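Construct the entire structure; sequences and hints are all you get.
Going down the list, the sequences are from chains U and G. Residue numbers for the first sequence follow the numbering used here, so the first one is 1 and each next one is one higher. Residue numbers for the second sequence follow the numbering used here, so the first one is 1 and each next one is one higher.
Keep in mind that a hint or two might mislead.
A few chain G positions that, by computed beta-carbon distances, are all more than 12 Å from chain U [said to hold, decoys possible]:
#1 16
#2 27
#3 150
#4 158
#5 410
With a straight-line cut-off of 25 Å between C-alpha atoms, the simulated DMTMM-like cross-links for lysine to aspartate or glutamate are [what the hints assert, rightly or not]:
#6 150(G) - 139(G)
#7 275(U) - 127(G)
#8 282(G) - 197(U)
Keep in mind that the hints were calculated from the coordinates and are not lab data. All values derive from a computational prediction rather than experimental measurement. Note that the Cβ used here is the ideal one computed from N, Cα and C, for glycine as well.
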Amino acid sequence: MSSFFQQKLANGLTVVVETMPDVSSAAAGFLVRTGARDETSPLAGVSHFLEHMCFKGTPKRPWQQITIDFDNMGSTYNAFTSKEKTFYFGWVRKADFDKQVELLADMMRSVIPPGEFETEKKVILEEIAMSDDQIDRHLYDIAHEKVFAGHPLEWPVLGSTKTVSDLSRDQMHGYFSQRYNPANMILIAAGKVTPDEAVRVAERHCGSWPSAGPRPQRTAPKLNTDGVTVAQMDRFKQQAIAMIMPAPSATHEDDETAEALAAILGGQNSRFYWKIVQAGVAPVAAAYRIDYCDTGIMMLYGFCEPPNCERLAEAIRREIDLVVKDGVKDHELQRVKNRRRTALATEAEAPYHRLMQIAHDVDMVGRPRSVEERLAAVDAVSTDKIRDYVRRWPIDGPHYLVSVGPRKWPTN
Amino acid sequence: MDSSPARYDHRRLPSGIEFAAELLPGRHIVSYEIRILSGMVAEPADKLGLAFQVEQTLSKGTAKRTGPELSDAFDAIGALHSTWAGRETLGFRCTCMPDFLDQSIDLAAEMIRTPTFPEDSCRVGIELAQQELTALEDDPGELSRKLMLKHAYGPILGRHAYGERETLARITRADIIDFWKSNFTPRRMQIVIAGPIDPNRLADKFETALAGLAATGSPAPDPRPDFSTGRWHYHKELEQQHIGICWPGVPMTDKTHPVERVMLSLLGDGMSSRLFTEVREKQGLVYWVGAWHEHPRTSGMIHLGASSTPARCEQTYRTLLREVDRLAEDLTEDELNRAKTLIVARSDTHGDMTRARVSELGSDLFYFNRPVRLEEKNAEVLAVTIKDIQKYLADHPRKELCVVTLGPEAAMAGA
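This is the structure we're talking about:
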């Protein structure tokens, strides 16, 4: 049975530990509460670019030494940036836990080496070019651009070719100084590591970081979920369509209800799978709820042959109407719970997967949640709650429709 | 990884099924795979895509249940399952709580033994595969892989799961049933399982549950790649140009395979690897670059891949090949040790996951016909020397290359 521990260091850095006695490895990561939504328009993409630059040089190490030290431990490591957070992590053998934290902590004090800045900018521009070749990225980015128009959640995480090209090292350094502040960061550890050991290691490698004021605040967005955007792109062969409606935030009491509804509509063995995919309408039809700290959206989407747009949209609407009219069945909901139970048991045996989940929980809920607690939340969802959900978070009312692909659809 | 030594069980069941188990006490889940030694290589040349159709329709109905009922039955016990159709294998994998293991085996066996391949599901399966071919056009990474396989592996091993539009149009329900009957036989079946289990009891359980499969059938096909040297460019309006380079490597069972494994780790495993360092970090030419090998059952192929905007493509290509050559010239002990540590440490940490263990065991049976202890594999990796790498590179020069590019520009003078 695993257990949690949480402590704040004097400089404001929070340390969260999950001790997993049955495993032989340990994972560690620094969660920085900063992402695309914390950027200003001219700086769009700076959080992600900065994540790359944290691998490029520290007071103690040139960039080559950072990656050499990771690889010398045989670490499974990386970093990612999202709309709301940047996360740096490594998964190592238990004996290397201290070294792993030291290296990650060193990266959090990046010197953002000027000599590496322009070279890494080229890498980011290649990443943007790669992303531009993916139809699903266009769908996701356009959906955010329209639904969150006027709020920083509309920026793509990668930024644009223009904002990244125009970004200076000094601008990035200013952002870094403001955001990589202990009060805005969390060190997370999971695996065969004790709380004492984790705190000792944290004090040793992060205790001297200066505190820099309170955690920066965010403003909640106002959603625009009534409209249509057609992005005609002849280069793609399929049409991607999405219907987007409001959904609860990650901290809302309807959190698990929203997840269950998305799974019943468009997850594995779902209504969309049997009624849309297995009817031959489209190879992909799914429901995906995207949760942020203070808002959320439900995306019902699919990819189809361009002439099938109408059939796909009609089929999605038909399934929405059935859920609104008749609700969901007990056995449908039970299936979701059963799958979740096994998935959580699977997650519980890998420090890496636990690290990712804890990062989500401490970022959103403010504390880690045990597998048992999450299971209890899932078990508390009922068919009545789902019926109530669709009244309070209508999925059959106004929504934003995004269509991307070679066809100009809908035409009006 | 468990602190106690792993315990393996390996046997041939009376029906002819090959069975292997790894006992992992203390785990809270069980994972298993049922692998059929047949895949795309067993498709008739005029019906490419057939193996994928069999895999897709296998779960759409049994003698007892409809497709949705079968899926519901798996979900009722929380059994997370999936199927695959590969070059030389078709398979089913499942993870569940130990209490539901027997029920999940019964369901898996029902699906494998008594599929009904409903007419509607077979028709829709073909329609969806045609649509997947359209979707493939929007996935440049997978599309360039498909094109590379065609040239580097030849007409049999280079097949793609979705088939081709004209071959899909020829596939009938009768073809699907014939493929199932002739390939889903005990002698072509391997089962691997890992978790807190009793191997003796489970060997009996699988044997009983799968009883009744036709004992006939020819041996599994064993084709070799039909490698073509050359350069091919496929035009597509993209922001980036995708570059694939391939040449023959060694089979998994070759004594120099661990050397090849370390060599590829030096090239492309970890951010301190040569390709990542030289192509991405020093020159900023790409976001994605990689080096890996793929293994048909009795052969091996080496791949390098990258994608970059057209103006940087030629420099990327030259750098990729230069780094392979440079390995023979200036490899250091530190670098070698790092590559070896990377392989061994990752097998240790990932071994905490039961699913990773069963996947490893499945691979052992497929290639070596026996479970191979992690310690044995790691010892082979740790024994690799600089001289071994140099000798490997001398014995397997990258002279004969298959180069495939996909993107907006054909020009690549260095290629």
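Here is how each hint holds up against the structure:
| no. | hint | verdict |
| --- | --- | --- |
| 1 | 16 | 31 Å, holds |
| 2 | 27 | 7 Å, violated |
| 3 | 150 | 19 Å, holds |
| 4 | 158 | 23 Å, holds |
| 5 | 410 | 18 Å, holds |
| 6 | 150(G) - 139(G) | 17 Å, holds |
| 7 | 275(U) - 127(G) | 15 Å, holds |
| 8 | 282(G) - 197(U) | 37 Å, violated |
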